[in-house]
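Based on the hints, put chain B in the right spot on chain A.
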Amino acid sequence: MAELTAPDVDIAGATAGSPPPRRTRGEIAKRGLSSPWASLVAVILAVVWTIPTAGLLITSFRPAVDINKTGWWTVFTNPDFTLDNYKQVLDTSQTTSLTPYLINSIVITIPAVLLPILLACLAAYAFAWTSFKGRNVLFVAVFALQVVPIQVTLLPLLTLYVKLNLNGTFWAIWLSHTMFGLPLAIFLLHNFMREIPNELIEAARVDGAGHVTIFFRMMLPMLKPALAAFGIYQFLWVWNDLLVALTFAGPGTATAPMTKFLFDLTGSRGTAWYLLSAGAFISMVIPVVVFLCLQRYFVRGLLAGSVKG
Amino acid sequence: MELAPKLLDMVWAILIFGAVIAVILGLASFYENRGGRRVGWWFIGPALALLAVGLVYPALKTVWNSFRDAGGGKFVGIDNYTQIFTNSDELVVLRNTVLWTLVTPFVATAIGMIYAILVDRAKGEAVAKALIFLPMAISLVGASIIWKFMYDYKDPAGGTAKHPTQQIGFLNQVLVWLHLDPVNFLLNSPQNTFWLIVVMIWIQAGFAMTILSASIKAIPADIVEAARLDGVGAFQMFRFVTFPSIRPAVVVVLTTIAIACLKVFDIVRTMTGGNFDTNVIANEFYSQTFSAANQGLGAALAVVLFVLVVPIIIYNVRQLRASEAR
Numbered sequence: 001m002a003e004l005t006a007p008d009v010d011i012a013g014a015t016a017g018s019p020p021p022r023r024t025r026g027e028i029a030k031r032g033l034s035s036p037w038a039s040l041v042a043v044i045l046a047v048v049w050t051i052p053t054a055g056l057l058i059t060s061f062r063p064a065v066d067i068n069k070t071g072w073w074t075v076f077t078n079p080d081f082t083l084d085n086y087k088q089v090l091d092t093s094q095t096t097s098l099t100p101y102l103i104n105s106i107v108i109t110i111p112a113v114l115l116p117i118l119l120a121c122l123a124a125y126a127f128a129w130t131s132f133k134g135r136n137v138l139f140v141a142v143f144a145l146q147v148v149p150i151q152v153t154l155l156p157l158l159t160l161y162v163k164l165n166l167n168g169t170f171w172a173i174w175l176s177h178t179m180f181g182l183p184l185a186i187f188l189l190h191n192f193m194r195e196i197p198n199e200l201i202e203a204a205r206v207d208g209a210g211h212v213t214i215f216f217r218m219m220l221p222m223l224k225p226a227l228a229a230f231g232i233y234q235f236l237w238v239w240n241d242l243l244v245a246l247t248f249a250g251p252g253t254a255t256a257p258m259t260k261f262l263f264d265l266t267g268s269r270g271t272a273w274y275l276l277s278a279g280a281f282i283s284m285v286i287p288v289v290v291f292l293c294l295q296r297y298f299v300r301g302l303l304a305g306s307v308k309g
Numbered sequence: 001m002e003l004a005p006k007l008l009d010m011v012w013a014i015l016i017f018g019a020v021i022a023v024i025l026g027l028a029s030f031y032e033n034r035g036g037r038r039v040g041w042w043f044i045g046p047a048l049a050l051l052a053v054g055l056v057y058p059a060l061k062t063v064w065n066s067f068r069d070a071g072g073g074k075f076v077g078i079d080n081y082t083q084i085f086t087n088s089d090e091l092v093v094l095r096n097t098v099l100w101t102l103v104t105p106f107v108a109t110a111i112g113m114i115y116a117i118l119v120d121r122a123k124g125e126a127v128a129k130a131l132i133f134l135p136m137a138i139s140l141v142g143a144s145i146i147w148k149f150m151y152d153y154k155d156p157a158g159g160t161a162k163h164p165t166q167q168i169g170f171l172n173q174v175l176v177w178l179h180l181d182p183v184n185f186l187l188n189s190p191q192n193t194f195w196l197i198v199v200m201i202w203i204q205a206g207f208a209m210t211i212l213s214a215s216i217k218a219i220p221a222d223i224v225e226a227a228r229l230d231g232v233g234a235f236q237m238f239r240f241v242t243f244p245s246i247r248p249a250v251v252v253v254l255t256t257i258a259i260a261c262l263k264v265f266d267i268v269r270t271m272t273g274g275n276f277d278t279n280v281i282a283n284e285f286y287s288q289t290f291s292a293a294n295q296g297l298g299a300a301l302a303v304v305l306f307v308l309v310v311p312i313i314i315y316n317v318r319q320l321r322a323s324e325a326r
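Protein chains in written order, with the numbering used here: chain A, 1 to 309; chain B, 1 to 326.
Hints listed in this document are in silico derivations from the structure and should not be mistaken for laboratory results.
The beta carbon of each residue, even a glycine, is placed where N, CA and C say it ideally should be.
Please note: incorrect hints may appear among the correct ones.
[Claimed, not checked] Ranges between beta-carbon positions, derived for each pair:
1. 208/A <-> 45/B: 22 to 28 Å
2. 49/B <-> 64/A: 47 to 53 Å
3. 9/B <-> 137/A: 34 to 40 Å
4. 9/B <-> 289/A: 24 to 30 Å
5. 270/A <-> 64/B: 34 to 40 Å
6. 206/A <-> 64/B: 48 to 54 Å
If we strip away everything but chain B, and leave its shape as in the complex, we get:
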């Protein structure tokens, strides 16, 4: 059993780390007592050093590499970027990423919002919300396994008249119950990308519901009461009171899910490996960089991902601030 040495390693790591911090703070304290003014640098130093080595330098290096060939040697100008936007395989990657980013946020947010409104102040609200939210807590790999099993397909031709093939994937069994032919969900393009998107919707609806539910509960009671006295119906209440009140939160939720979708990797990697035309940027980046050993193209894909994410994040942060300034 290798348990003991590993745990010991871990304890040592924490102790070493703690000791380093203690020494730094000790020096800071000493320095401050001697009348030193800029004691702040001692506090920030370790974090800044790690950020410089772990984020700033690698990011710059990747931008640099994106203009170089597969081995990272020869300068190739914008060839890698040209390839991303012209090569037919790469265009499928871009198309799928766009699909993920457009479809998932709206569907997940709509479902989350409807659910949040339906269970608001209802009996058993806590349990009802926990059921929808739990997928957020598990890993994307775990979620992918759960759904791969849902999509499992057995070829009906493999059975005999006496022992017909039984589907073990629930969705195909539903099709059988409806007297339809079972479908190989993950194999047929382009629908398979949508079946992968379903997994993300399943996860993100809980996030949307949680944030929107909090936002719904924060609507001032007098506004609603006034509308109620005016005799508005449930739908009008949603359209003229609830939705305008939670609009900023809706925007934040939409953009947040969109960012997660741009970077989606685990689901595609686990469920199809990017095969059968389901590839997305983050997965193609990984394949090019670590499997195909095409550093240049991999770096360019990472940069494209970066460039796509930035405007959404800026928008998201501004909306988040605006919604909190209220």
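Next up, chain A with everything else stripped away, as it sits in the complex:
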């Protein structure tokens, strides 16, 4: 199996100490490219890309009566801001409250990230460092499972959950995300594990360490970057998921995450922009913060996980 580890790319070029001091091709090429026109195009693109988000963000701080009467750009000439939209959307006494769904999102996401990581670590270890009959065939099979679109599995899984009385519980969502995340997780972690020098493992074996000991004492600590890469990828995937939530979440506030709440709100109250804008931004805060803090690991997972879903 060829290694499929993406280069440790850095999205924003922000890692400390990344620019090499030598004369790089970038500096040389810069003279040719950083014409005023090039800068202008870059700035225009950046502005165009930011306007949609900025518009809704500004809207979320405007009084509800203003939002449907005038555009958000009028705040520059006629500023009037309020926190009422956020207060209302978080107020648990309201029927349009986002708070229960926010809690559900958190309750869904933590196990849905931890479970596949743990299971995949074990499986990846066995694939990488133990030998048994049929190992390679099984590994290729697990790798190939990455191509299965989750649509193919939804209805039979739902029927199964109904039979097992799991439907509408958090277990249905946790297990689904775990199953869907496993092939990528096993594959990613396996590749990282194979990079650990053979001698290290052999030495430990000679010293009499069993596989369970090696796994916990040696593998897990060395795997941190890989765990972070998959963890953040799976986190964003689960947190932002709509399809699994629509299919398996119970009615009302029981188990549905924020994405389902926002989806329902667009359907039922599509012009309630004061609720939609504030709700949307609450749902975005956590992934954006996580992303900005851990972006280095994220890109690695992103590239490797590009076929998932």
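Positioned in the frame of chain A, the structure of chain B alone reads:
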């Protein structure tokens, strides 16, 4: 407040799960100490069991169902597939999916590539890239809400001379500023599919930019310097040096975005619900399976999606490997 019981549920779930794994590993350790050789099975067992129940069995069941009627009972041969490729509504679904898969990757990749080249080593590169990349971090539902607001349309006929209707959607306001009539973006077919595609481009350009930017930075400095000494201009530099060097990455980015587009669901579901001729396979699958209770057709649509995705993924993986073998 139902916070406490839910969090407690979660903690219990994690503990139960941890306990199960601990028992399995304990048994594995015991077995290994007794001289057992195939300890690997204990490690893989739990994952394989879940994959078998959660992916393999459902996938086979879906293929099976795709040859059966709406209720999943009677065998109907390839009727469901025939319907997908002959029924006029289903043909619109296929047409839209093809549009999504062809238009989005090229536009998003082109924009991402241009931007990556423009901001490469420029002042404020980090911030400039973060602005384009942030849409990747938010949910597709969130992105759909953002753009639904951009496309918002108010009928100008609804206002009076004294209080003319004011557009609150930015794009329609731009049209008004340009003295054009506002447009109901999401209603008019077939342009509306393109307005939905714009949302995906907005998201995926950041992905393209990120991967390509890393690839551009990996071009060896001496190649560029040699070209520079030969006196090539900026455009020639792109055509003969930059683009050939990042070509494998470009292919990976194109195919990756194409896969995402084949499976696009959230944007269509949230913005139009698949109405007004904007339907795509993944959304039609969901509607047929869970709303129209037509299991057979839903299963067939899922299988079609599967069959369409596989060749692109195989190509993608091969390219990814080739680009890393360099």
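Structure-based check of all given hints:
{"no.": "1", "hint": "208/A <-> 45/B: 22 to 28 Å", "result": "24 Å, holds"}
{"no.": "2", "hint": "49/B <-> 64/A: 47 to 53 Å", "result": "51 Å, holds"}
{"no.": "3", "hint": "9/B <-> 137/A: 34 to 40 Å", "result": "39 Å, holds"}
{"no.": "4", "hint": "9/B <-> 289/A: 24 to 30 Å", "result": "25 Å, holds"}
{"no.": "5", "hint": "270/A <-> 64/B: 34 to 40 Å", "result": "39 Å, holds"}
{"no.": "6", "hint": "206/A <-> 64/B: 48 to 54 Å", "result": "51 Å, holds"}
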